[in-house]
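Those sequence lines, one after another, are chains U and Z. With the first letter of the first sequence counted as 1, position 394 gets the number 394 in my numbering; the numbers rise by one all the way through. With the first letter of the second sequence counted as 1, position 159 gets the number 159 in my numbering; the numbers rise by one all the way through.
Since the hints were derived computationally from the structure, they do not count as laboratory data. The model shown is predicted, which means the values in this text are computed figures rather than measured ones. Mixed in with the good hints there might be a few duds.
Heads up, simulated DSBU-like pairs for lysine-lysine below, C-alpha to C-alpha not over 30 Å straight-line [claimed, not checked]:
no. : chain 1 : residue 1 : chain 2 : residue 2
1   : U       : Lys388    : Z       : Lys158
2   : U       : Lys36     : U       : Lys426
3   : U       : Lys300    : U       : Lys498
4   : U       : Lys398    : Z       : Lys158
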Amino acid sequence: MKRVNAVVVGAGAAGGIVAKELSTAGLSVVLLERGKWYTANDCRKDDLRNQRTTLLGNAFGPEDEGNPRVVFDPKSGPRTFLPSEGGYQNNAACVGGGTLSYGAMAWRFMPQDFRMRSIYGAPQGSSLEDWPITYDDLEPFYDKAEYEIGISGDYSGSPFFGPRKRPLPMPPLAPNREFQILEPAAKRLGLHPFHIPMARNSVPYNGRGPCMRCRWCVGFACEADAKNGSQNTVIPTALATGNCELRTECMAKEILTDDRGRARGVAYYDADGHLQQQDSDIVIVSACAIESARLMLNSKSRLFPNGLGNQHDQVGRHLQGHHYTGAVGFFDFDTYDDVGPGASIAVADYNHGTPGLCGGGALCNEFIRLPIQMIERMPVNTPRWGLKHKQAMRNFYKRNIAVMGPTQPIPSADARVTLDPDVRDKWGMPVARISGNVHPHTFEIGVIQAQRSEAWLKEAGAVSTLLNAGKPTIVSSGQHQAGTCRMGNDPQGSVVSKACQVHDVDNVFVIDGSVHVTNGGFNPALTIMAIAYMASEELVRNWKGTGFKS
Amino acid sequence: MQSSRDGVPLTRRQFVAAGAMGGAALAVGCAGTKQGNWDFLNDPQARTLAAICDQIIPADDFPSASQAGVLTYIDRQLARHYRRHRNAYRDGLEQADAMSRKRFGQDLAALTVPQQLEMVSSIEKENSGFFNLVRSHTLEGYYGAPRHGGNRDAVSWKMLGMAEPPVRGRAQYDQRKSPAS
Chain U
1 MKRVNAVVVG
11 AGAAGGIVAK
21 ELSTAGLSVV
31 LLERGKWYTA
41 NDCRKDDLRN
51 QRTTLLGNAF
61 GPEDEGNPRV
71 VFDPKSGPRT
81 FLPSEGGYQN
91 NAACVGGGTL
101 SYGAMAWRFM
111 PQDFRMRSIY
121 GAPQGSSLED
131 WPITYDDLEP
141 FYDKAEYEIG
151 ISGDYSGSPF
161 FGPRKRPLPM
171 PPLAPNREFQ
181 ILEPAAKRLG
191 LHPFHIPMAR
201 NSVPYNGRGP
211 CMRCRWCVGF
221 ACEADAKNGS
231 QNTVIPTALA
241 TGNCELRTEC
251 MAKEILTDDR
261 GRARGVAYYD
271 ADGHLQQQDS
281 DIVIVSACAI
291 ESARLMLNSK
301 SRLFPNGLGN
311 QHDQVGRHLQ
321 GHHYTGAVGF
331 FDFDTYDDVG
341 PGASIAVADY
351 NHGTPGLCGG
361 GALCNEFIRL
371 PIQMIERMPV
381 NTPRWGLKHK
391 QAMRNFYKRN
401 IAVMGPTQPI
411 PSADARVTLD
421 PDVRDKWGMP
431 VARISGNVHP
441 HTFEIGVIQA
451 QRSEAWLKEA
461 GAVSTLLNAG
471 KPTIVSSGQH
481 QAGTCRMGND
491 PQGSVVSKAC
501 QVHDVDNVFV
511 IDGSVHVTNG
521 GFNPALTIMA
531 IAYMASEELV
541 RNWKGTGFKS
Chain Z
1 MQSSRDGVPL
11 TRRQFVAAGA
21 MGGAALAVGC
31 AGTKQGNWDF
41 LNDPQARTLA
51 AICDQIIPAD
61 DFPSASQAGV
71 LTYIDRQLAR
81 HYRRHRNAYR
91 DGLEQADAMS
101 RKRFGQDLAA
111 LTVPQQLEMV
121 SSIEKENSGF
131 FNLVRSHTLE
141 GYYGAPRHGG
151 NRDAVSWKML
161 GMAEPPVRGR
171 AQYDQRKSPA
181 S
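Chain U on its own, in the form it takes in the complex (with noise of 0.2 Å):
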């Protein structure tokens, strides 16, 4: 195959823009993805199979068929997940990655988000550190984000967020009624509500028409196209510049490297199940935390006997996601309005400045609950089958609130990604083993954070509440994975430069949510975006044809 400039590994939030802003600047690229790229006839409004509620298994991959986890549980030992099983901790396998499906929360950080550590210190046992960035290093290329991407939404109700240069691209849609309940409810509490930034046309944007409103929002495609995610801005866009070749269907198996270190392409199984080489000048590994993190600990040779990056024993570890917390609401009067995606109204307030917690996170109203995603979800002492729950589920349905929201995580080196020693996917390859815990403190936050939810519910009027608070035993990382590959000045405690470049291989980065130090208390996607388009622009700044300017 005949040799590029880059090959891209992974076409999600991340890979997606790296591959567009290297094509444009004229590299010559291949854009490798393990997944499928799926169209609007692709889209199925089904209940019961999409990215969020996987009974049926997943509707964007990976397939439940060759693709195990193994999660260690301090209880019960090693578990082996299939990828439509919660505790397998999935994002998504297909061109656009989880942002094909996402809720498209499109949130910029704080700047503290970036200054945990010098703000409350560390807790004894955390690996709570600063970003080697700050927010104001970001803020051009949240600026970008925002606008290549496409976001609506308006911050301009709460006083809380970081300096920005100029309003989102879109306003946000309409007010839908769980927001008209809520947002008089928030004032009174002397809070700050807004409208949600979400990476979702609310007018015609990017030569694409608006959200029309449907019911199934997170966890589906956009069956009107007006949800924005790579795989309909940067990559056609990527495309279109003749330089981006697109293979999809392609597993990486390694970084391969030569015998001075560098690496020099990436092996992968073809859609046929066949072994090729890509030949390249670097390699960009934007494959999200959890499979980033197993693909350089799978790239091993002479040279990097523990996988590449990894000569301090920094890769898969901090990894982390969101501890998710907050309360459900049962009203007297109807709040259901059918009118998607349902999450619109957000408070900002608690992510910082409680005494005695490290941050905290942003509270948001849930989307549409699906009738099947309710049906664990009723009052309290409702039985759970018989004809009183049919009754409930009649009678609430349309009368329940759910607020919720991202408690930031702390932190913890333990909690990590390695290699499972036994089982391996359909390829052969070991698989990821995930196991450890956030910083315990992180719960502490939760409870209070739900109990937040809990007071704004039953200030908008519910007549009872339902608290949901949990303690899990294992790292909760899911679609928000973050934090394997950390981002740092000082090679001993992290992966990856400020440029996202691998310390110890210089024509290698990670470039997805690995590199986050911390996770903000919001949805990471815009995030991971912004850095993308950071590291991309350094990228090329430095590119002198076939490498770097010394």
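Starting from the known structure of chain U, arrange chain Z on it as the hints suggest.
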């Protein structure tokens, strides 16, 4: 293995419309060339399962689980995604009838409704693994997407007061026939 139902050349929307015209006719039509009515269950198992499902979701002014096609949902999945639960169903249903015969001298399906409720409560206590499986699958079939054979004619969504047909976009099966409202 593909069931003959998949070979029926109806779009989903036409399928739902056919269901609205007559559930009984649909059930016959679905049997196709296959032996019996089911992909996995046999008729006695289906009768016992229906008795359990209808205690989990009984009829009121809206249909019970079995009336809404939940058995079709479970049976299809036992031949597909839930193949791993086949033994649990085989053993669980047999045990349920054995318990019923011991206490009331008859199979579960032959009991009165209050007796069935008593029996299902006992199954929940004594065979909770099986019960929880059936409970989950029943609720899935009843409240899930009609395409899988349960929630016939989106009856549970109508019960909950959701707009049906809902707002839809440009997926191919909608281009053939525009929504009614």
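Could you work out which of the previously given hints the structure breaks and list their numbers from low to high? none
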